[in-house]
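Quick mapping for you: the protein sequence lines, in order, are chains A and B.
The first sequence maps to residues 229 to 343 in the working numbering.
The second sequence maps to residues 234 to 346 in the working numbering.
These are calculated hints, taken from the structure and not from any lab test.
Certain hints may be false.
Once the Cα atoms are required to be at most 20 Å apart in a straight line, the calculated DMTMM-like pairs of lysine to aspartate or glutamate come out as [what the hints assert, rightly or not]:
{"hint": "1", "chain 1": "B", "residue 1": "K270", "chain 2": "A", "residue 2": "E331"}
{"hint": "2", "chain 1": "A", "residue 1": "K269", "chain 2": "B", "residue 2": "E273"}
{"hint": "3", "chain 1": "B", "residue 1": "K270", "chain 2": "A", "residue 2": "E291"}
What you are looking at is a predicted structure, and each value in this text was computed from that prediction instead of being measured.
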Amino acid sequence: GAVVSQHPSWVICKSGTSVKIECRSLDFQATTMFWYRQFPKQSLMLMATSNEGSKATYEQGVEKDKFLINHASLTLSTLTVTSAHPEDSSFYICSASFWGTGELFFGEGSRLTVL
Amino acid sequence: QQPVQSPQAVILREGEDAVINCSSSKALYSVHWYRQKHGEAPVFLMILLKGGEQKGHDKISASFNEKKQQSSLYLTASQLSYSGTYFCGTVNAGGTSYGKLTFGQGTILTVHP
Numbered sequence: 229g230a231v232v233s234q235h236p237s238w239v240i241c242k243s244g245t246s247v248k249i250e251c252r253s254l255d256f257q258a259t260t261m262f263w264y265r266q267f268p269k270q271s272l273m274l275m276a277t278s279n280e281g282s283k284a285t286y287e288q289g290v291e292k293d294k295f296l297i298n299h300a301s302l303t304l305s306t307l308t309v310t311s312a313h314p315e316d317s318s319f320y321i322c323s324a325s326f327w328g329t330g331e332l333f334f335g336e337g338s339r340l341t342v343l
Numbered sequence: 234q235q236p237v238q239s240p241q242a243v244i245l246r247e248g249e250d251a252v253i254n255c256s257s258s259k260a261l262y263s264v265h266w267y268r269q270k271h272g273e274a275p276v277f278l279m280i281l282l283k284g285g286e287q288k289g290h291d292k293i294s295a296s297f298n299e300k301k302q303q304s305s306l307y308l309t310a311s312q313l314s315y316s317g318t319y320f321c322g323t324v325n326a327g328g329t330s331y332g333k334l335t336f337g338q339g340t341i342l343t344v345h346p
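Throw the hints in and build the complete structure from the sequences for me.
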């Protein structure tokens, strides 16, 4: 089946630093990828829709200047958490939709801890 | 708006059955079901695209009632490996973003020996 790879799987950083998370579709081209955030014992909340070659579409309440999304190619989308603070600590998961079946494939997730 | 799942939690013994429901206040194009183990990303179970569609594999199946804007996930003869949090994800009818899912709050399923 289609595979989406996410890196890093976990990261610990100091408050005020920026962190980049990569999401790659390994065996299919993903014109659209999605970024979700999940706090402990909560559901996945969509942060933004990442479109190849164009600006990302952010959900209401998500700061676009804080969560920078770049979708430079058909297989790579990146999420940069700028000036991270402890409240940004969360599980960030990317996904890509496989047009053939409509399945949404998730990356392994990246656990961010901001100290 | 987030679909509503019920129940919030289920505790079973191996071999017992369970039903998890997902209800939306909006007309739906599709319903997706995922299972998530602790600390891991969600794993795709199935997608239902048509009203009245039913799908299944092994002992896990699902139905989609388009008119009622509801879907149900059926787990029969549960196994220990079924434990996890189950999420339904919905795509609204007429949506412009393919694959943009809104997830329910999740149902925690625990299967004991």
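To see whether the hints hold, each was checked on the structure:
no.: 1; hint: B:K270 to A:E331; verdict: holds, 19 Å
no.: 2; hint: A:K269 to B:E273; verdict: holds, 12 Å
no.: 3; hint: B:K270 to A:E291; verdict: violated, 29 Å
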